[in-house]
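Turn these sequences into a full structure, and let the hints steer you where they fit.
Those sequence lines, one after another, are chains E and B.
Position 245 of the first sequence, counted from 1, bears residue number 228 in the numbering used here, the numbering being contiguous throughout.
Position 345 of the second sequence, counted from 1, bears residue number 328 in the numbering used here, the numbering being contiguous throughout.
Misleading hints may appear alongside valid ones.
Just so you know, same-sequence chains aren't split out, so a pair can sit in one copy or run between any two.
[As the list claims (entries may be wrong)] Mimicking SDA-like on lysine to any residue, the simulated pairs with C-alpha atoms at most 20 angstroms apart in a straight line are:
1) LYS220 to ARG152
2) LYS(-5) to GLU399
3) LYS250 to ARG361
4) LYS26 to ILE169
5) LYS79 to LEU368
6) LYS209 to THR321
7) LYS(-5) to GLY402
8) LYS254 to GLN404
9) LYS419 to GLU399
10) LYS187 to GLN404
None of these hints come from the bench; they were simulated from the model.
2 protein chains.
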Amino acid sequence: MGEHEMHEIFEKNRSLLITNVVTEGHAVDIFVDEQGTIAGIGKNERKNHPGEADFIIDGDGALALPGLVNTHTHAAMTLMRGYADDMILQDWLAQKIWPLEAHLTGNDIYWGTRLACLEMIRTGTTAFNDMYFFMDEAARAVDESGIRAVLSYGFIDLNNAEKRENECRATEKLALHVRSLSNPRIKAAAGPHAIYTVSPEGLKWCAEFAREQKCGIHIHLSETEKEVTDCIAQYGKRPAAHLDTCGILTPRTVAAHCCWLDETECKLLGKRGVSASHNPVSNMKLATNRAMPYPWLSAAGTNVCLGTDGCASNNNLDMFEEAKTAALLQKFFWNNPTILPAPEALAMATANGAKALGFPTGRLAAGAPADLVLVSTRTACNTPLHNATSNLVYACSGGSVETTICNGRVLMLNCEIPGEQDVLNGAAAAARALVKRSQSA
Amino acid sequence: MGEHEMHEIFEKNRSLLITNVVTEGHAVDIFVDEQGTIAGIGKNERKNHPGEADFIIDGDGALALPGLVNTHTHAAMTLMRGYADDMILQDWLAQKIWPLEAHLTGNDIYWGTRLACLEMIRTGTTAFNDMYFFMDEAARAVDESGIRAVLSYGFIDLNNAEKRENECRATEKLALHVRSLSNPRIKAAAGPHAIYTVSPEGLKWCAEFAREQKCGIHIHLSETEKEVTDCIAQYGKRPAAHLDTCGILTPRTVAAHCCWLDETECKLLGKRGVSASHNPVSNMKLATNRAMPYPWLSAAGTNVCLGTDGCASNNNLDMFEEAKTAALLQKFFWNNPTILPAPEALAMATANGAKALGFPTGRLAAGAPADLVLVSTRTACNTPLHNATSNLVYACSGGSVETTICNGRVLMLNCEIPGEQDVLNGAAAAARALVKRSQSA
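If you want it as structure tokens, here you go:
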């Protein structure tokens, strides 16, 4: 227990000795220094740090894995969880989601993002890729929650030059604001929403901005068939080729959905080093009618990662559920049960996600930041334990996570998250007020 | 707290007053008598039972819903959780599952079924429909675990008259054994495995046996396309028509999978009052290449319910996950986001399942047995609470269940299940020994 009271473990970065956990089949101890870095990992690593750790966490044979990385979401949409389901996409947007979004305030974004971060901490996600509005407030929520995020303002110019100016300034403003935070857990990205909402000029501006700032690009790509047919009609080429013309396809780009890519587009993404974020739950719920062509992307060497999309179309942020659904959907849609086996699904949710967002996480190794989660094996879903990776992907859920650590700071310990009820109450109140405002408008 | 120590609540049926829970949008109290029946439910029902209850459970605003019903599983296959995944069906069976099954003992079935019941209690399932071997041992495990089950011996004659005799005797023996238990929670059923493993004579015998005994019939139907083409080649008709000829399609019949039914077969099932058990996770994992035609079955008035299949092809028994996956798969496969909305998915997992198994449960009403679960609303997945049914289906998982009650007996209270570690240890040991025996054979 070290020399401190256990509740102090949540307060700030401390040195930690995590004993008796299992990673990739090996029983190890993990030593985390006060800077939040994994300083040592290995069998009996505890012997190298006698009396050194502020806190000792008895892993009790738990599985240790890198914190999961959610590479596509709209975090504050947690406020719309369950507000509208089981509708045609256009009705859902026009009748339910947009009227609510029209009344969003910065305060809503703060509470919605706090709720999202809370849910992610509880389900083992330590980093996410966000695109929404009032992103200064999202940054405040991420800062306070203790997890990692890449934040982008949803750039939508609708081919209007005046609107475009506004979106460019908002993108610049967010980048400046995030830089002013000097928080290694938070980065800004350019967020051109999609080819059907952003002009070629807007896309080119975003590409240039990201190149100058060395920041990421977060975009929706080929979620629906209509996007493809409209793009061909308007630009004479398919969406990926159109984005390539505008300079959007880079190794810092995360393209979400990618359902309707053809094989040539998959090769182009692979060649450009783009990360493709698979969002199977959202795609199934909204009936995109096609699953991301994982076999083609995989063959092209594309970095395929995983995202939940926003809570309005999922309706949770559980990356364990997403990994299982990805493995199931790929097998079913491509009619081959050998596609996307458990180890690949787990890599998509961890290492590939970290690579997509440019964070030095996603692996448990000396020198890497301590972004890690512990999953107890004293549970039904981990009994028996023939194959830990299989259990993590196919049997466990986010609720199996007991301890979550990001950048060396303990955010959840044995299922306890300090301040949880305050966040739930604040978010519930914001959601109620939002609906009330939209209904009285 | 009533007059008893709280740990005594698990010991046997007591009268219970569950205060301040929400069901179908109404805040109610529920009074359960010592016989395990819901004796009263309503606003301020507590006032009708002053000082009467042995125990008071403060629901704290939790959602109360009927215990979930898993209408197709092979419970003891929990021992094979994660033993083999991501393989072609035939290889998976021939190289991994069958060799292991060849070494199963009654002791394995006991521990595997105990583990299954534990997992079901934890994830809110209070009744299941089982088909496997050594079913006396399954009955013992169900009896001790406290939940409900319909147990069938997997009848497989492979067109061999001698084998058929054996299977008939095993089916009769199980029915006698279950009757000798006089346990209202446990029923026997006939379990003709499938049309490709049971001769027409065997099917007819099962149909007649079930008619005489007034018991259920549990069968696999049209899981794969091959079953359909082979059936047409051999019998000149599609599987449902073949089963109808053999008398298998009755209101006491549960047909699992039903992926490859055509519209005429769906109408036949509806006409005969058959219950169709949808198993979306297993179907996706094993790549059946077609989703159950829910829209046709629904239009035909068929009772559609839900099952997880065995843990070797899922790999858990979480009926919340199954309900969400059902809603997602139906929307995706039939390319319509309005298909299988949340209320229908929840009904499949509760009322429809109870109807399929012939249990008087699946609803919270005075006079019904107290099979119910409580899901806290003080959690991220239930925040905000715009729509409880949507949250239950799309946002929560089995891990959201905090309290599980079956036939009036409390099996889990605030996530505590007495004796849990003993079951986990027993099942883990059985699984290890089973693999060892099969490898040294």
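Tested hints:
For the identical chains of this complex, LYS220 and ARG152 are neighbours neither inside a copy (30 angstroms) nor across copies (68 angstroms), given an alpha-carbon limit of 20 angstroms. In the homo-oligomer, the alpha carbons of LYS(-5) and GLU399 lie at most 20 angstroms apart inside one protomer (16 angstroms), although the nearest pairing across protomers, at 32 angstroms, exceeds that limit. In this homomeric assembly, LYS250 and ARG361 never come within 20 angstroms of each other (Cα to Cα): the closest approach is 44 angstroms inside a single copy and 46 angstroms across copies. Taking the closest pair of Cα atoms, LYS26 and ILE169 never come within 20 angstroms of each other, the shortest separation being 33 angstroms inside a single copy and 49 angstroms across copies.
Taking the shortest alpha-carbon separations for LYS79 and LEU368, only the inter-copy value of 16 angstroms comes in at or below 20 angstroms, while the best intra-copy value is 45 angstroms. For the homomeric pair LYS209 and THR321, the shortest alpha-carbon distance between copies (19 angstroms) is at most 20 angstroms, but the shortest distance inside one copy (30 angstroms) is not. In this assembly of identical chains, the alpha carbons of LYS(-5) and GLY402 lie at most 20 angstroms apart only when taken from the same copy (15 angstroms versus 37 angstroms across copies). Taking CA atoms no more than 20 angstroms apart as the test, LYS254 paired with GLN404 passes in neither setting, with 47 angstroms inside one copy and 51 angstroms between copies.
Proximity of LYS419 and GLU399 under a CA criterion of 20 angstroms is satisfied in neither setting, with 32 angstroms inside one chain copy and 39 angstroms between copies. In this assembly of identical chains, the alpha carbons of LYS187 and GLN404 never lie at most 20 angstroms apart, being 44 angstroms within a copy and 59 angstroms across copies at closest.
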